[in-house]
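Please construct the entire structure, taking both the sequences and the accompanying hints into account.
Chains as they are written, first to last, in the numbering used here: chain A, 1 to 244; chain B, 1001 to 1316.
Where hints are given, some of them may not hold.
To spell it out: a stretch of chain B is covered by chain A in this simulated footprint if at least three of its residues, at any positions, have a beta carbon under 8 Å from a beta carbon of chain A; those stretches are [to be verified]:
hint: 1; segment: 1051 to 1060
hint: 2; segment: 1189 to 1196
Dumping the calculated SDA-like pairs for lysine to any residue here, alpha-carbon to alpha-carbon at most 25 Å [claimed, not checked]:
hint: 3; chain 1: B; residue 1: Lys-1185; chain 2: A; residue 2: Glu-102
hint: 4; chain 1: B; residue 1: Lys-1164; chain 2: B; residue 2: Pro-1139
hint: 5; chain 1: B; residue 1: Lys-1185; chain 2: A; residue 2: Tyr-122
hint: 6; chain 1: B; residue 1: Lys-1200; chain 2: A; residue 2: Asn-43
Rather than coming from a laboratory, the hints here were simulated on the basis of the structure.
Predicted model only: the values in this text are computed from it and were never measured.
Ideal Cβ positions, reconstructed from N, Cα and C, are used throughout, including at glycine.
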Amino acid sequence: MTEAAKPLLTVRGVRTYYGNIIALKGVDVDVAQGEIVTLIGANGAGKSTLMMTICGNPRARDGSIVYDGQDITRLPTHDIARLRIAQSPEGRRIFPRMTVLENLQMGASIDNLEFFDTDIQYMFDLFPRLKERLHQRGGTLSGGEQQMLAIARALMARPKLLMLDEPSLGLAPLIVKQIFDAIRELNRRDGLTVFLVEQNAFHALKLAHRGYVMVNGVITMSGSGRELLENPEVRAAYLEGGAH
Amino acid sequence: MRVTAGGLYFMEVFVQQVINGITIGSLYGLIAIGYTMVFGIIGMVNFAHGDVFMVSAFFALIFLLLLTSWFGIASVTLALILVMVISMVLTGLLVWAIERIAYAPLRGSFRLAPLISAIGMSIVLSNFVQVAQGPRNKPIPPVTREVYTLWQGPTGYPVNISLKQIIIWVVTALLLAAFWYVVQKTALGRAQRACEQDRKMASLLGVNVDRTISLTFVIGAALAAVAGTLFLMYYGVVVFSDGFTPGVKAFTAAVLGGIGSLPGAVLGGLLIGLIETLWGQYVSADYQNVAAFSILVIVLIFMPQGLLGRPEVEKV
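Here you go:
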């Protein structure tokens, strides 16, 4: 992506607290339209917190979050979602007592049920497994299937910004590849903007146009995916001995 | 078979009591849904729900008298339907206000806070009605006296079903069917269930959780209002203290059926209705309520998840 691309998400100086404990200590992140941006970092660095803060839960105590030209820092979570920011959150959060179909309907609940039939067909192409499980309860799916469902549910919202929290977590390498291929394809085909949090740094940085490294609630490094992949510090901390 | 431990006419008496039990059980079931839905979505026992039911019966009383005496509506059916709708709307509004005033501000507070607030609301409602409507039974003229004899045993004991009972059965069945459709098949019902299962995720998908919670209260109240109207029609009187016992029995029904489970609430309601009428017939009418509440204790001790409730643990 070109550097001059239109900014879609601009995070400036965001601080988030859990009670009195500070989780994000002034974070700046930019995501341009049509970009895949990844945020890598160790467990507990605050990656998921940033993702949830963008969605307004928890709310940023300081700083600003501007999305598509609109300040969303103080907007309620459901209104942020209606601006077509879709998230596949940490822990997947599938509705366990709803069927796969109902979970997907929940994803599409904003106001695009008219596209439902075409969109769900597309999800079946991406994740054929979901079609087989369509009338099964979400809670009975395997971890990988739940992950696919969480991503598909987010995509059903026809998002402008897709945020994925550790889509590779706990999945077999083959499925990880399948999911990452799907993300790449969506980005290439539809120009979907993706903000991706990953511990699986190697795959994430290979996929992403740009990346950020977060340590203890602060962004310590940023650059293109390739730059970060070749950066000795990143290699030492997140890649050596990791899954290649 | 005719003469057994139950005395003469065993079969006829039994069937008659089952008919009576299902009738009263239908009302418990309608009220129990309000308890179970609210518990399902915010994990709170709405102790004011029984009094909401009582207030709805007063709404029905007031408008039934208005419609029949002032506006001179002669058709009982029309009056009843109108009264039921009015009571549903007014009760829904009342509960919407109660939720906004007494419960919503306490969300995110410690678990006991809304519970205490609900007990407070319960006292406010029953005392307000006592002051505003007086402490005595308020009667209505009988809506209908129609009774049909289903059959007469060889000894001449009749098994009856009254038109009132038929109305209660039919209205309850229709309403539950409509309600079930809304919860299972519409976007609104899906949003409601989503909030019940994972509020945070629901909001991430654009569901307005606060509004969904309010709506849950209002739906529960509307069903209680139907029960209140039917209760008034069935017994012909209502008094300010009428919220308590049916309220606790409906709560027992919700627990028996498995709190959080909608079919459980209906099943629990019917069972409580049956148990208490049969107990009243065969054991002791004085101890009817004791029987109903003993079930609450027994279920809580030995089967806290209830008949159709789900176990607490879930595969994640």
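Comparing the hints with the structure gives:
1. 1051 to 1060: Three-residue rule not met by the segment 1051 to 1060 of chain B, so violated; n is 0.
2. 1189 to 1196: Holds: 4 residues of the segment 1189 to 1196 of chain B have a Cβ under 8 Å from chain A.
3. Lys-1185(B) x Glu-102(A): At roughly 9 Å apart (the allowed maximum being 25 Å), Glu-102(A) and Lys-1185(B) satisfy the hint.
4. Lys-1164(B) x Pro-1139(B): Given pair Lys-1164(B), Pro-1139(B) holds - Cα atoms ~16 Å apart, limit 25 Å.
5. Lys-1185(B) x Tyr-122(A): Status holds; Cα separation ~23 Å.
6. Lys-1200(B) x Asn-43(A): holds, 22 Å
Consistency note: the structure conflicts with earlier hint 1 alone.
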